[in-house]
Amino acid sequence: MLYNIIAKFDEKLHFPTVSAHCDIPCKIYDPIVAQLAVLTIIRMVDLLDELKAKPSLTLDEQAQFLRLVAQKEEHGLTVKAEVNVIWGDYIKAPQLTQFPELHELVHNIMLASSKAKQQINKQASLDLLRLVNRFAEIFWATKQIDTYRADCPYPPTESLVYPRLIS
Amino acid sequence: MFGFHFCKVTGISMSPRIPEDSYIFIVPWLKILPLKEGSLLKVFHPKYGFIVKSLAKIDRNGLFWLKGFHKSSLPIERLGPVGKSQIQGKVMWVFPPK
Chain E
1 MLYNIIAKFD
11 EKLHFPTVSA
21 HCDIPCKIYD
31 PIVAQLAVLT
41 IIRMVDLLDE
51 LKAKPSLTLD
61 EQAQFLRLVA
71 QKEEHGLTVK
81 AEVNVIWGDY
91 IKAPQLTQFP
101 ELHELVHNIM
111 LASSKAKQQI
121 NKQASLDLLR
131 LVNRFAEIFW
141 ATKQIDTYRA
151 DCPYPPTESL
161 VYPRLIS
Chain D
1001 MFGFHFCKVT
1011 GISMSPRIPE
1021 DSYIFIVPWL
1031 KILPLKEGSL
1041 LKVFHPKYGF
1051 IVKSLAKIDR
1061 NGLFWLKGFH
1071 KSSLPIERLG
1081 PVGKSQIQGK
1091 VMWVFPPK
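First to last, the protein sequences are chains E and D.
1 is the number of the first residue of the first sequence in our numbering; add one for each residue after it.
1001 is the number of the first residue of the second sequence in our numbering; add one for each residue after it.
It is worth saying that the hints were derived from the structure and are not from the lab.
You may find that some hints are simply not true.
[Claimed, not checked] Capping the alpha-carbon separation at 27 Å, the derived lysine-lysine pairs in DSSO-like fashion look like this:
| # | chain 1 | residue 1 | chain 2 | residue 2 |
| --- | --- | --- | --- | --- |
| 1 | E | K27 | D | K1057 |
| 2 | E | K80 | D | K1008 |
| 3 | D | K1071 | D | K1008 |
| 4 | D | K1098 | D | K1057 |
| 5 | E | K92 | E | K80 |
| 6 | D | K1036 | D | K1067 |
| 7 | E | K8 | D | K1047 |
| 8 | E | K12 | D | K1008 |
| 9 | E | K54 | E | K117 |
| 10 | E | K115 | E | K27 |
| 11 | D | K1067 | E | K27 |
| 12 | E | K12 | D | K1090 |
| 13 | D | K1071 | E | K92 |
| 14 | D | K1008 | D | K1036 |
| 15 | E | K80 | D | K1047 |
| 16 | D | K1036 | E | K27 |
| 17 | E | K8 | E | K54 |
| 18 | D | K1071 | E | K8 |
Isolated chain D, as found in the complex (with noise of 0.2 Å):
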């Protein structure tokens, strides 16, 4: 509605960057500017449901892949690829808890 939005983040694969129960503030339409790799990205992925994760890589087809940052995070191949239509927005700033 306001072109932002909030969401509290659940599991450690972001961690450090985002710790676990840290709050990210999304703003959805600034998908349509070029991402750039290293971006904090909010996904809808088929199989994991609702992800935030690193931009990795924009491949030569134009998808793209994921990855997190802590040691257990699922690996880029078992993420896959996904489109631009099922990255909800770019994550702009990051509310780790104390």
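With the rest of the complex left out, here is chain E (with noise of 0.2 Å):
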């Protein structure tokens, strides 16, 4: 009954919300995020080979040369984060029978990652790209969707692994 009558208050004084946040398993995993942010990751190696061109920086250029290398790093924590979440909360046993190197193949993306945040290597960020990519055909491999490898339409323009969904 009183719950009722607060209601009927609610309804009229519209009292404020308080949330009883939670972590609940949504079952929302794609992991486009973490090859997204490979390819920011590439991106900023290409812009900080063109400022590594030039003799001097201006003043300009260094504080565009800290925000690079922080977007790269940034980039390169989501991409671990990313990956983590899709192993540690979705990919289980039928996964792993299925795909046995999955374990190797996550442990190569973090160290991929660290070694792709700690310096401006394209190689590195390539390399981080390929290991992702693979990732991601193993996911939508466990979902039965085919995937396909294009250009993605922007800078940098590398090869992405992209799911084949059908409406």
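The two chains are supplied separately, each in an independent frame; assemble them into the complex guided by the hints.
Take a look at the structure:
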């Protein structure tokens, strides 16, 4: 009864809400976030290489250098976090049986992410993309969804694994 | 204005103690009294906004660590500690939906 009385007051007064925030397993997983983060790392490396080619940097260019490095670092962490969530929350025994390489692949992605973060090294970031693309291939295969490869239609125009979704 | 207010709870992290859609009766000034572990608090969290949680521990720095009751609740370490100024009040009564 008390609840109903308070609910009536709520209709008139619109009480504020408080969230009992939770980490519900929502089953929404997609490796595209990790893939886009790797593309960002590659793009940052390309832009950093452009700065590297200059004999000296203006103050604005030095600021730009710091921003590019910071973004590269941040997206390296994003790759790790996104892959970790899929690996830890989605991948279970059936997927591991189907793809026994998964543990080693995820570990290699962690190592490659660190390397791509530590260095301004195009090859290191491309190696990371290769691993994350393989991870995406496996992810979609576990959902019986075919994939294809295409160059992303924006810089750095690298080959990305996309799901062939049918509506 | 009256030294207390009601809030409606969204989310399930505090169930079964506070089921979703419950109303809670909050007394803001009670936060000046010593808070005990297990107290239900309304908190302004810098990341999650206004939340209701249970006080898990007060650490030696005087920071308040919070937890939920449901298995899907954000873990203590993800919520992180909050200062007393972020505590918006103490939950005195819970009115669960039928």
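Each hint, compared with the structure:
1. K27(E) with K1057(D): violated, 32 Å
2. K80(E) with K1008(D): Judged against 27 Å, a Cα distance of about 37 Å means the pair is violated.
3. K1071(D) with K1008(D): It holds: about 21 Å lies between the C-alpha atoms, which stays within 27 Å.
4. K1098(D) with K1057(D): The given pair, whose Cα atoms are some 31 Å apart, is violated under the 27 Å limit.
5. K92(E) with K80(E): holds, 18 Å
6. K1036(D) with K1067(D): Within the cut-off at roughly 13 Å; holds.
7. K8(E) with K1047(D): Not OK: K8(E) and K1047(D) at ~31 Å, beyond 27 Å, violated.
8. K12(E) with K1008(D): Holds. K12(E) to K1008(D) sits at ~14 Å (cutoff 27 Å).
9. K54(E) with K117(E): holds, 22 Å
10. K115(E) with K27(E): violated, 30 Å
11. K1067(D) with K27(E): holds, 23 Å
12. K12(E) with K1090(D): Between K12(E) and K1090(D) the Cα gap is close to 24 Å, so the pair holds against 27 Å.
13. K1071(D) with K92(E): Distance of about 19 Å is within 27 Å: holds.
14. K1008(D) with K1036(D): Distance ~23 Å between K1008(D) and K1036(D) Cα, so the pair holds.
15. K80(E) with K1047(D): At roughly 21 Å apart (the allowed maximum being 27 Å), K1047(D) and K80(E) satisfy the hint.
16. K1036(D) with K27(E): Judged against 27 Å, a Cα distance of about 37 Å means the pair is violated.
17. K8(E) with K54(E): With Cα atoms ~69 Å apart, K8(E) and K54(E) exceed 27 Å; violated.
18. K1071(D) with K8(E): Violated: K1071(D) and K8(E) sit about 32 Å apart, past 27 Å.
Hint check: violations occur at hints 1, 2, 4, 7, 10, 16, 17 and 18; the rest are consistent with the structure.
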